[in-house]
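Chains as they are written, first to last, in my numbering: chain Y, 19 to 331; chain C, 297 to 814.
No lab work stands behind these hints: they were computed from the structure.
Treat the hints with caution; some may be incorrect.
Facing chain Y, according to a computed beta carbon distance under 10 Å, are these residues of chain C, among others [unchecked claim]: (1) P438; (2) R439; (3) W535; (4) N538; (5) H556.
Computed list of chain Y residues with no C-beta within reach of chain C, every gap over 12 Å [unchecked claim]: (6) N50; (7) A58; (8) A79; (9) V112; (10) T117; (11) P134; (12) A141; (13) E170; (14) M210; (15) F245; (16) R280; (17) A295; (18) G299; (19) E314.
Derived CB-CB ranges, DEER-like [stated by the list, open to error]: (20) C:E387 / Y:R266: 31 to 41 Å; (21) C:L371 / Y:L82: 26 to 36 Å; (22) C:S405 / Y:D142: 58 to 68 Å; (23) C:D522 / Y:H168: 22 to 32 Å; (24) Y:A304 / C:E534: 21 to 31 Å; (25) Y:M19 / C:D522: 14 to 24 Å; (26) Y:E318 / C:S551: 31 to 41 Å.
Every residue gets a Cβ at the ideal spot worked out from N, C-alpha and C, and that includes glycine.
Okay, here's what each chain looks like letter by letter:
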Amino acid sequence: MMLARVADSLYWIGRYVERAEHLSRLAVVMLNANLDRTDAAAQAAQIALAAVGDPDPTRAAQVLQSAHDLALDKEDTGSVLISLSRARENARQVRDQITTETWERLNLLYLRVTDPGVEEEFADDAAGFLQAIIADLHLFKGAADATMSHGEGWRFMLTGIYIERAQLMARLLEVCFSDAARPATGDHIALMSLLRMACALEPYLRVYTADINPRFILEFLLFDEDFPRSIRFSTERIEEHLAHLSRRLEGERADALRLAGRLNARLKYADADEVEAAGAGSLLSAVADECAAIHEAMYETFVAYPLELSLPA
Amino acid sequence: MSSGDSVAQVQTAQIKPAGSLAPSQSAYLPGEAYDEMFAAGGVTRPHYELLRHRIETLGADELEDRQETLERSFLLQGITFTVYGAESSTERIIPTDLFPRIIPANEWSTIEKGLTQRLRALNMFLADIYGDQRILMDGVIPRDLVLGAPSFRRQMQHLYVPHKAYANVCGSDLIRGTDGAFYVLEDNLRVPSGVSYMLANRDASRRTFPGTFRQAGVRPVERYPDLLLATLKSMSSEWRSNPQVVVLTPGVYNSAYYEHAYLARLMGVPLLEGRDLVVHDNMVYMRTTNGLRRVDVIYRRVDDDFIDPLSFRRDSSLGAAGLFNAYRAGNVVICNAPGTGVADDKAVYAYVPDIIRYYLGEDAILPNVETYLCREPSQLSHVLSNLDKYVVKAVGASGGYGMLVGPHASAKERADFAEAVKADPCNYIAQPTIQLSTAPCLVDGAMEPRHVDLRPFILSGDKIVVTPGALTRVALKRGSLVVNSSQGGGSKDTWVLADDADMAALDDAAAKPAGGRP
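This is chain C alone, in the form it adopts within the complex (with noise of 0.2 Å):
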């Protein structure tokens, strides 16, 4: 036992996972990819022992049982998307894996300290570029490139953000490369979603292994709903101690509508439509059954092109006329801020450690993944010189649509591709094709490698808060890179290990009977 830890027991990659599955069913071979589980020559990470263990004693059959029972309660529960048919729409859920991917203490502390150090410099960014644009002046990153950005929001120049926190919520996709290091592939600092899957899987990953999830020490999740409102609050803490806080959502046809009621209730917070807000004389109210009543915190999962039609989209039914006004004159607080999304641009992406050094003085913790700007031209004849080995996305895109994945195109496509680049430089970037990791699922009864990413999710208003968990999105077909729900991604849950001392804490705490002697 007490080397168990330390020195792995030696597992050939070809073992079967599942004791009892059938001998022509495929045998778990990872690819060229870092796998989260398997270590080279087969060997099982140490963070993965206990679980290979109780999937082994499980057999194939209860592990389809399992799945089966998951996926019908994500259906009760009402976890799904609608998917719309020619003749009738159909609920689907969204496709879940049963496996939970591990992540140990200590490579998540490099996570945590990355994505805040990440966030604070973020959040320094945006404050700055809507202030005094000392940046830019500085020359660190080309002037045209932030005003320019499509989602630069001149609206909010010189308004003030409490806590210089504009980013309230953010999920920033993480991957790992084939070296096993994580890399920042993308930061959403717009409206990430995905956090009421991290919940969900969690739910089911519980009650899956009740007793493996217990014996690893897994970290909680579960408080993200309460640090939410906490970090809501402290938005208006300056000017109202008990603010009424309340989610915005586009309606129930929104893909991610299950999520913004989920929250809402979690929060104990109304969830509210653009049609139930009432602005009058820069005050936000909304309707209820006695009349109106002040709103003070505004949780808004819709864009912001389209919260308010007076300053921005005008063709939008879905915010509230005056509401950016109501914020300017500071009587209502918009979370995240207006104009967020020029931090999280795929070109300003690129100076995100520069922009980490300038504000912070420190290397960035989490690297980049490395990144071309076709808007240089020495850059750009590089890229289309090697569109074969590159992926190019254009920079105002996002859900994985406008982009080539050189490896895998057709030389017309590529053709193609590169006259769309040569015709508008500015609008795209190129990264090499990156090896996902790829971690176990259960696919047909058998445990196959998939490729995953990692989406943590991360919190600041008076002070930021990562939440030790992720939502870890799966590409389901064998071999695909693409993770995006939209593209027929699944997920799994993500377990982050407690280290030693957290670990004590939480055998200290159980094993005093609370407010005892000791």
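Here chain Y stands alone, though its shape is the one from the complex (with noise of 0.2 Å):
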């Protein structure tokens, strides 16, 4: 039994989180490949910005600018910043539901992105400072993991996680493979860059060696069942979730559950072949448009039910 508006708090801190790590590590991978003076870290800047829905080119000529807007920029919903304070506001909703441990991890995370002196510290080393925040925020994961009941809560803020997981990722793929004809990129230093904001680099290399191949990687990343940031993976433990989830829901309510389970046979039972000759597009545009159908129904089912339903007859 859990509130429902505690739920709806823990599945958004759930999202947050999941979106400040993305937006983080494009943000690195970006720094990190405008290093090198070539073509492809003009392709990785342009991937990632794609990626986040903004595909204007001058704006991939700024790497160092566009890394900053999305950590810190203070207006633009989409940003790191933006992400950890919703996150945190979030937690502070539901202080009593999280364990000390877990808050803290998300508290000083927060303070570290509104800290007085972050401009000055992103401008000394972004690099570092990122991946200081990805790394904190893998702590708290690991604390929410390892302090928390993996009750219901617990449950509805991997969800969130997940169902951001996927539609990140998709957005991702869309931007290099959703028209086959042509791929984004066929540059290999630009797809080792598309594997590292997929932080799939190690974890690929070690099923394909260090073939760097367009297909596989989008083989990878859509269909790898033990990767935890594949498409696969990710719509997997959505049904697992919300299979607990709606275990006392009555068959009509359990909406969320059934599409969560059609998406995910839908990864699970696909066929690698078809969708390589047919481009990956419409499969990843309908993980998007699912995850949002998903991310809707759970509303209406655990969060905003109409109260007719429950009131004692």
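Assemble the dimeric complex from its two separately framed chains, guided by the hints.
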């Protein structure tokens, strides 16, 4: 049993911390690629910015400024700063539901990005700053995993994390692979950057060796069963958590679970060759759309349900 | 060693408390007020001896370090309040002082008896006021003073309150006068706050002075959350054995939000906002992920006025429509009961000794501060001609607002205030300026006296329990007598020492292995 409002907040904490982590990683990869004065650097920046919905090529040329805005823009709702502030604001509202260990990790992150000296710190060592944020976000997730009861609240948070992750990965892959005829890049360095943006370089190498091939990358990030940032892995977790959360719901109210099951089946039983031939575009946009539908259904089912259904007769 | 307690070491008041403090830094010079640590002639009071020794051996740098660690830990835990600025809002911690304030067992025992007596009488007073009103019939208190008080809630008339426990949580403000005795300055029976600071300060001071804490034999305050839960549960024991208890908060923007979340977490009960509640057919429910669920006891941290727009303020969205009717119907308990404010009204305060005598036939153990009611013409003229000696307070105001501190005010301020008092004398009371006692605080690396008060917390349900500890509030500005956190006050931990009998019991418990044979 948990309050509907609390469940909603926990879900949003999951979404915002995942978003903050992804944005930090995109910015770090951009900055690191920028150290090489090659075409690939510009391509990496373009991919990253297109993945957050900013395909303007002039922005991609100003890597430092773009990375800064991704991290610390106070106006742009899609920045690390805003994501962390919102995650923390949600956590404050459900402070009684998360453990002190978990809360303190998140509060620390918030205090770091809102510190008056943050601009200076970023100017000093932008990549180092962002990497520290990513490391702290891992600590946050670790603390949540190690100290929170793996009950309803924790599952709402994780569902948030995985829905956000599936959507973000779908968007990143869409940028590179939606058009089968004109792949965004064939450049070896740029593809390595793509893998880094998905935090997938080392796990990929272990599966496919150093054979950096667009087709394998797409396959790996879409369908790999074990890699925690593949879309398949995320949809499987979404279904798993929703199955638990929906246990006591009656048939027609378990809409979110039905959608999650269907999405997961799409990924699970997909044919890699077919996807390859037809282009990944339709599958990827289906992932994004269905995640949005699951999000809606969860809200309708668990948070904003009509009272008539649950009042005593 | 044997004489250490009775014959205190003689120390001059000019000692530099922290051994390595630079000589230029000011020495500890208590003023005319009673000092908690030093008696006349600079003699350390025996119950402060251990602490004084520890402070001396630590030195200024180490103390500063510990102060920083403490502030950092408060910030990290989110024990903060928000300061809203023009462009952005920042979060600040409530200033917290490192040195605990220490209260010996014999003094505490008086406080405990006095507070218990006082709350018993005030609960009886509330039951009477909202019942047959015998005390008004008998002319002990003027009828209009009670029934005309803005905090009187006629909606509560003839409403059943279990155990007649109206004020389930009470935080009284005590002060120590120049004579060394404790006085009650104010009762807080509405939604008193500060208990989370008592607990957080305790955590901090245990870490700062672990050895001294252990040696001194400090009575624990950590049981407050479970005692609070037991108190709340006892309020529905007559009709539900295992009630659903919840905490109701105005929300995350309330300055005491940290405390609401803290108590909910430590009691293990849900923290609700008004929008989580649904009232249907005089039953109160909360919206869970799995439908509606009954709520039995609401520990509300929302003021009377805001709990139910149907019964009280119509523009409130902090409560739930229909909540009061459900309470009336006996389907939910609201703690503290609405309308308790009439008993901590500043004008009713003047009558508390009479109230105690009326219901209990006893004299008040803890005296009131001498209070003049401006509603009485003779007292009004006395106050007006001696405005420079008195603190004049508006009856309805709290938090240090709407008051005149006569001795510190300018002639113009006094004249303006006199006009206000003359225009509406019933709304004002006057009290002599009291030199609150001082306690040593760490200020810029040196030990300096600051004025303090004492807010203990008393629970009443099926029984009355006084937590052996308190929040000591500190006026951080030198010489200032205002301790409210809204006016730049801070706080410090309060150590209530166990007496010999308590200590022996503790030692016995420690010596015997649990469950072992003797």
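Tested hints:
1. P438: Constraint on P438 of chain C not satisfied, violated at 44 Å.
2. R439: Hint on R439 of chain C: violated, closest Cβ of chain Y at ~44 Å, above 10 Å.
3. W535: W535 of chain C check fails; min Cβ-Cβ to chain Y is 18 Å, beyond 10 Å.
4. N538: At about 14 Å, which exceeds the 10 Å cut-off, the nearest Cβ of chain Y leaves the hint on N538 of chain C violated.
5. H556: holds (8 Å)
6. N50: holds (31 Å)
7. A58: Correct as stated: the minimum Cβ-Cβ distance to chain C is 39 Å, above 12 Å.
8. A79: holds (31 Å)
9. V112: violated (8 Å)
10. T117: Violated, because the least Cβ-Cβ distance between T117 of chain Y and chain C comes to about 9 Å, which does not exceed 12 Å.
11. P134: violated (9 Å)
12. A141: Its Cβ never comes within 12 Å of chain C, the nearest being 20 Å, so this holds.
13. E170: Given that some Cβ of chain C is not farther than 12 Å from that of E170 of chain Y, nearest at about 7 Å, it is violated.
14. M210: holds (38 Å)
15. F245: At about 31 Å from chain C, F245 of chain Y clears the 12 Å cut-off, so the statement holds.
16. R280: The assertion about R280 of chain Y holds, with a minimum of 22 Å to chain C.
17. A295: holds (43 Å)
18. G299: holds (36 Å)
19. E314: holds (16 Å)
20. C:E387 / Y:R266: 31 to 41 Å: holds (39 Å)
21. C:L371 / Y:L82: 26 to 36 Å: 31 Å Cβ-Cβ, so the 26 to 36 Å window holds.
22. C:S405 / Y:D142: 58 to 68 Å: holds (59 Å)
23. C:D522 / Y:H168: 22 to 32 Å: Since D522 of chain C and H168 of chain Y have Cβ atoms about 26 Å apart, the given range 22 to 32 Å holds.
24. Y:A304 / C:E534: 21 to 31 Å: violated (58 Å)
25. Y:M19 / C:D522: 14 to 24 Å: holds (21 Å)
26. Y:E318 / C:S551: 31 to 41 Å: At 35 Å between Cβs, range holds.
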